[in-house]
Amino acid sequence: MSGISIRGATKRFGDLVAVNNVSLEIEKGEFFTLLGPSGCGKTTLLRCVAGFVDIEQGQIFFGDRRIDPIPTHRRGVGMVFQNYAIFPHLSVQDNIKYGLKARNVPAADQAKRVKKVLSMVHMEGLGDRLPNQLSGGQLQRVAIARVLAIEPEVLLMDEPLSNLDAKLRIEMRGEIRSLQQNLGITTIYVTHDQEEALSISDRIAVMNHGFICQVARPWEIYSQPKDTFVAGFIGATNLIQVEMAEAKNKMLVGKCGSVSLGFPLQDGLVAGVQVKLAIRPEFIQILYPGETVPPTHWLLEGRVTRMEYLGNMIKYEISVTEEIKFLILNYHTDPSQLKYLGETVKIHYPIERALAFREDQRT
Amino acid sequence: MKNLFWNLTAILIFIAVIFFLIVPVSMVLIGSFQTSEGGALTLKNFQKFSMYRTYWQSLWNSVSVSLAASLLTILLAVPMAFLVARYNIPGKPFLLAMSTIPLMVPSFIAAFSWILLLGRAGVVTSLIRSLGIPFESIYGHGGVAAIFTMQFFPYVFLMTLSGFNAVDESIEEAGRSLGTGPFKTFVKVSMPLVLPSILSGTLLVFMTAVENFGVPMIIGEQKPYLAVQAYMEFTSEIGGHPGMSFALSVILILVTMTSLMAQRYYLRKRNFIQSAKGRPLVRELKGASYFLATGYCYWVVLIPLIPFLVAMTVSFMETRGPVIHPAFSLRNYIYAFEHAARPIFNSYFLASMATLASILVGVPTGYILTRRRSIVGDTLDLAIMLPFTIAGTVLGIALIVMFNSGLVVLTGTWMILALSYTIRKMPFIARSSSSILYQLDPALEEASISLGVPPMKTFFKITIRLMAAGILSGAILTWITTISELSSTIVLQTPGWSTMTVEMFNGIISDEMGLATAFASILIVSTTIPLFIMMRFIKGERASLF
Chain A
1 MSGISIRGAT
11 KRFGDLVAVN
21 NVSLEIEKGE
31 FFTLLGPSGC
41 GKTTLLRCVA
51 GFVDIEQGQI
61 FFGDRRIDPI
71 PTHRRGVGMV
81 FQNYAIFPHL
91 SVQDNIKYGL
101 KARNVPAADQ
111 AKRVKKVLSM
121 VHMEGLGDRL
131 PNQLSGGQLQ
141 RVAIARVLAI
151 EPEVLLMDEP
161 LSNLDAKLRI
171 EMRGEIRSLQ
181 QNLGITTIYV
191 THDQEEALSI
201 SDRIAVMNHG
211 FICQVARPWE
221 IYSQPKDTFV
231 AGFIGATNLI
241 QVEMAEAKNK
251 MLVGKCGSVS
261 LGFPLQDGLV
271 AGVQVKLAIR
281 PEFIQILYPG
291 ETVPPTHWLL
301 EGRVTRMEYL
311 GNMIKYEISV
321 TEEIKFLILN
331 YHTDPSQLKY
341 LGETVKIHYP
351 IERALAFRED
361 QRT
Chain B
1 MKNLFWNLTA
11 ILIFIAVIFF
21 LIVPVSMVLI
31 GSFQTSEGGA
41 LTLKNFQKFS
51 MYRTYWQSLW
61 NSVSVSLAAS
71 LLTILLAVPM
81 AFLVARYNIP
91 GKPFLLAMST
101 IPLMVPSFIA
111 AFSWILLLGR
121 AGVVTSLIRS
131 LGIPFESIYG
141 HGGVAAIFTM
151 QFFPYVFLMT
161 LSGFNAVDES
171 IEEAGRSLGT
181 GPFKTFVKVS
191 MPLVLPSILS
201 GTLLVFMTAV
211 ENFGVPMIIG
221 EQKPYLAVQA
231 YMEFTSEIGG
241 HPGMSFALSV
251 ILILVTMTSL
261 MAQRYYLRKR
271 NFIQSAKGRP
281 LVRELKGASY
291 FLATGYCYWV
301 VLIPLIPFLV
311 AMTVSFMETR
321 GPVIHPAFSL
331 RNYIYAFEHA
341 ARPIFNSYFL
351 ASMATLASIL
361 VGVPTGYILT
371 RRRSIVGDTL
381 DLAIMLPFTI
391 AGTVLGIALI
401 VMFNSGLVVL
411 TGTWMILALS
421 YTIRKMPFIA
431 RSSSSILYQL
441 DPALEEASIS
451 LGVPPMKTFF
461 KITIRLMAAG
471 ILSGAILTWI
481 TTISELSSTI
491 VLQTPGWSTM
501 TVEMFNGIIS
511 DEMGLATAFA
521 SILIVSTTIP
531 LFIMMRFIKG
541 ERASLF
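So the sequence lines, in the order shown, correspond to chains A and B. With the numbering used here, the residue at position 69 of the first sequence is 69, and numbering never jumps. With the numbering used here, the residue at position 372 of the second sequence is 372, and numbering never jumps.
Listing some non-contacts, in silico: residues in chain B with all C-beta distances to chain A over 10 Å:
id, residue
1, S36
2, S64
3, F186
4, R264
5, V408
6, F460
7, S498
Derived, one-sided and incomplete: chain A residues facing chain B with beta-carbon distance under 7 Å:
id, residue
8, F52
9, H73
10, V77
11, M79
12, F81
13, N83
14, A85
15, Y98
16, G99
17, A102
18, R103
As a list, the in silico DSS-like pairs of lysine-lysine whose alpha-carbon atoms are at most 25 Å apart:
id, chain 1, residue 1, chain 2, residue 2
19, A, K226, A, K325
20, A, K255, A, K226
21, B, K457, A, K101
22, B, K223, B, K48
23, A, K101, A, K116
24, A, K28, A, K116
25, A, K248, A, K346
26, A, K115, B, K461
27, A, K101, B, K461
28, A, K339, A, K325
29, A, K112, B, K461
30, B, K286, B, K92
Bear in mind the hints are in silico, worked out from the structure with no lab data behind them. Backbone N, C-alpha and C fix where the C-beta goes; we use that ideal spot for every residue, glycine too.
In isolation and in its complexed conformation, chain B is listed as follows (with noise of 0.2 Å):
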């Protein structure tokens, strides 16, 4: 009797992780074994795949450039987290805040905004040119690999340094006093207990580099990538049946479930996470090391940021078409204002119904994944795993195929686009809520219900109040990331239902570079203000949020 509430929330939230995500998917894997809608299964649109470069090529780009993307990641993000976690940097808050940047900026913009610099004509480029050194432009698998670095690498940098920070002194210091030297301390102790960190952040590095869409879209040079790929051959196959489309999208989840398979057989036995009961004394760096050090660290976390600046700069300039007049001008955001409103306003509204809508559902998640591990309470948490490994073009593909006929159509409406982020977030705050109860003490509720209140009375009396920090910092989250998502909006939009992330992306596939940056500018405003409000009021726990 106690336990029906829970038992039957986690079945309505299980039936709508069957009918939102699973059924989709499902179609879509179906699909990729068909020629002709509702046709006989056959092989035939894999072997298309292995015969024509472009497809296979699109795997072997997505996979490397990524892979690449992780490796610099790690020889960035590492030593920099080991810097700041263990030596006197100054000014640790600002850089922490400065990291977060990225991850919250579309990374599409930056790909773009980095044109401006580094383009065939851009203004840097042209000035590497006239120092004689030999430079095409930042287009190219280098320079995809290169955005990824910057736009991703808070995540390996943010969890190595907690990795770094709960490793207790005493460890070390056990290490030292067994009769190795600092370095193999270092080597020997602390990095095989942050190695579990680093990988986690790796993967997540992977992981978005490999589903991302904008960024190969814009400075890929038409070279083929999955997530580009599956969405052109969709969007070109109006009326018949893509089935080349759904096999690329099969692949794509074939590759990012294998590296999250990979990752969690690797963590299974290696959860070292300590509390440490002293943080581990900041050692002091002179001289050239300390300006060597320092350096580095500004360098990582500041590059990332120009981009950005970059396009709120040309936003206030005279613009046609490509070509940038230098002279101020506000003339872009009044056109954005006159002929875009609409894409403002439905941004805001779909990232907030999202936010809504992913509290609703993820909060319960996650209070039944913590204090009701049941049968349900387990098949659930491999049920909210899976958006993790469905790219936003995989998922946008999969609601339209669902959603375009039959019982309940959505495609077209604006419900389709929030059923997609809510699907991709929902998890998350799922996730972070239940990291939040794990260290709530069940007695708290176990003491207000000897107390004669109620169980689902003692739930939102004391149990949500005391998530309510927590909730709201993953609502923000949740809600910055929305509004900059592309990569399932550019599917699922309709003239009707735009957002400023595919008006600005419009705008830089057809050189309206004007319309391009105000939307940039706008999106940039949208997401960090809200990211500072919540830092301020929010410390810490920042890391455990992605």
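Just chain A, same shape as in the assembly (with noise of 0.2 Å):
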């Protein structure tokens, strides 16, 4: 087991720049995971760690032993493929010897590895069977077992739940993060949904075009997103467009067209300033009949314009003007309590959960 680290990668496809000097440390036995959208470098970043893809310019570490110039055979990684990978015409038994051979492990032992990872996955007495036998859950499993009878130096783990339904890769995802923990083997996981990335990750690193954008853990990404691209792209924001008016009471106000919003102070910012503000949904609140506004929290009024019921909970659409349109999360679903299309509401948010980010700013 070892920590990974990546020294200013870079790789090109003639004029795009797939990975773009990209450095990162991580740590020994942690769960690492590339987030981003398609096309923005996370695969073809854990290619170059497996060696499929050569980098350009940079190093790359496993522990103290500089593995970039070595062949993906010899390096040492197990991966696991979006598509499973499972050999078509191996039982489930020889696809998981496959690599115990390749490392000339005795015939003994690769029987005890094979029984071992098979019970890791829960797949114990499916040896014997064929590929086209399995459901898509199980083919993964084997690929994890054939991964982790290997015993490999880094565990990497390309979209490999992208394929199965739901529930079961919500089932999956829990599953590989236990196998990890209790194997403690330093992992590279690469996925586009946000939801699995949080809740499965030690640290994220949030990818767009080529680049890092954030590398934190997954409430910091999420409560203290470094730019617009990131608070967009983890969970659903809103963003809002606003000029810097003035500086009042310990916070700041922007102005859009009428509408003023107020948001925590920051150095630098003059009136004049174009500033792009991100609220959460779930902070925005609406003010029902008996409520009185905290003094730490910005009120607003509108109407509402879309109202989606989703059992535990409502998302309402609420346009204080044309073009400020609020998306908020509400979990008053008693029916007494519901507001329907065109009522006039009040809302209010805490004025500290109004991440202002400066257009000239952006990374």
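Can you join these two chains into the complex? Each is in its own frame, and there are hints to help.
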């Protein structure tokens, strides 16, 4: 087991810079996720670590062993693929033995390890099955067992759950996480699913256009996104463009047309600067009769222009003006509390929850 | 470093293509501008071509008859493909199996057998005449076009069928739901999607017809055809410079190349191949239309098989020259095995060697085309298109010119025959290997490498293993089509290295019916048995291999 150090890795495909001068330090035993939209370079970066793609600049280390000049089959990586990549002509146990044979593991030990990894992925007794007799979820378990059998130095997973249905996906991600924790194996996990990334990772790197936008723990990524891209990509968020107007008792006020919006104090903002405000929908509340607005909240008024009843919560779209529309997640599902289309409502949000991003400082 | 092996392989294949194909064909090209060996470059041969009726008529005949056959093929095969794809025609697997036979059995056997039936003294000819219908015989342009149509219609049928099967039902339903009726939906939606498949099949018909040597030679009534004329000019010019033969060869290459270019240009932006989620519903035909449709399909498939049955029947009869006595006899076979055991052995030996060589070169080529795209790979892709455009006769002539003298002398050996077959068939193996590879997830190879097996070992342990079934069926098809080859064999054979097809051809020319039919039967059995074995073991994928 060792950590992974990526130093200034760059890979181009023609004019496209798929991985742009990326540096990452991944700790021993860490579950590290590369998250981003398709085409952001996350899979390419993973394949650079695996050795299927050669980096043009930079270096990659496992512990203090430099591995980027070493061919894949001698790197000691274990990779789990999106389409499972189970050898269709080999039985489950022969698939698992495949990597063991390449390492000249004695036959008796091979059988022992097959048994051990099959029980780890809850596939006991299915060793003789052929891949075409297995379901998608089972194939994915075999793929994971096959990789665990070779006890790799690092584990690489390329969107391993994207071909499974929603329920199985949630079940499997829990299993992957606990297997990884029990074995303490350094893991790089690639996904475009932000919920999956938040739930499974020790740390997340959000990527866009070949760059790393932010590296942080899941709750930091969610509550303190570094820029509007991260804020918009992780979870739903309301993004509103405002012009900085004035500073007034411990907060700043921006204007969007005739509407004023409050946000926390920030250095270097002078009147006239364009700012993007990001407010998460779950922080915006509807003011119900009899309630009062706390002094640290900002109050607005708007009309309900969309309403989706989802059972455990309700999604509202509240239009303050033609341009300013807020998405709100509301848990007052009591029928008497429902707001209907066209109703005028008062809404408020904690000022500290409005994150301000200067337009000229986008990364 | 990782790419070294494959780049080296690509370069070796490329050198082989240059040495065994491009240089020989270029020598023919240069020779067509000369009137004596090593003489000054001149246009005299091409002037002669435009001046003498025999020559320009040969171009006109070849092109017009092949075009006619292509059109007839579309008229016959497209409706049939539609019926088989969309309606409840009974016995579809049987129809499919039977329709591949004409492609496998040499077309000149069909030409010859039709003479037995519809020749000047054919059985059916006298029958028709006794009914008072004026019918001369099957000889002539019409007959050549008819036989091309019957022999090559499966190209269009099989390709159009897979085209129809690939159209997702929901696409047609979308058309219907947007307000076009069934017929209009067919014309506006289904047809345009299937058109590329139809054209690909038709191009194959045209190319095989235009380069065909045996059929026009046997029933073309001495009328000139390009492939035949090039051969005649070549063999009549012993010791001299066959400039006219070269010129005709060049014109033949131009015809095939133009048609291939035209097709590629058309298909450039029309790659609609889609994988249908569910096969379109098979609709029910009832009553008269059911019987009409079924009857139509079975007629189209079974009529081309008649000549083969006729040839096999005659082979068991007493014959003396062209005269057939209606009495059972094994004499033809005894004679064939006593006097021509060598050609039988030669055919089997040459087909096996060529198949082996085609696989050894074709499979790595297919791998490079699919998995190692680079400048070398792209050039290789173009280079292996070349054999498709070069008629067998022309390739034979080119190989003799190249390997008659100089550093490597192959003329008169078995190797030149095997070489010619390999050049002609290797591209098919390469193409089918590459289409199998397209369907193999590259992650399988990567998984093997990441589990610690080096790339070369992975290629043999995983890639080859998963391609095996496809390679095997490609090999069987190569073997079958090689053993039936006539057009380059007739140019390259020598008395010691004659083949069954050549013996049969000579038997036909010299009116030795018994010998010819015996060889025809051996050939038919040699080609259909492996074909059916292959069909039993490897289902589907058939159309992709042509």
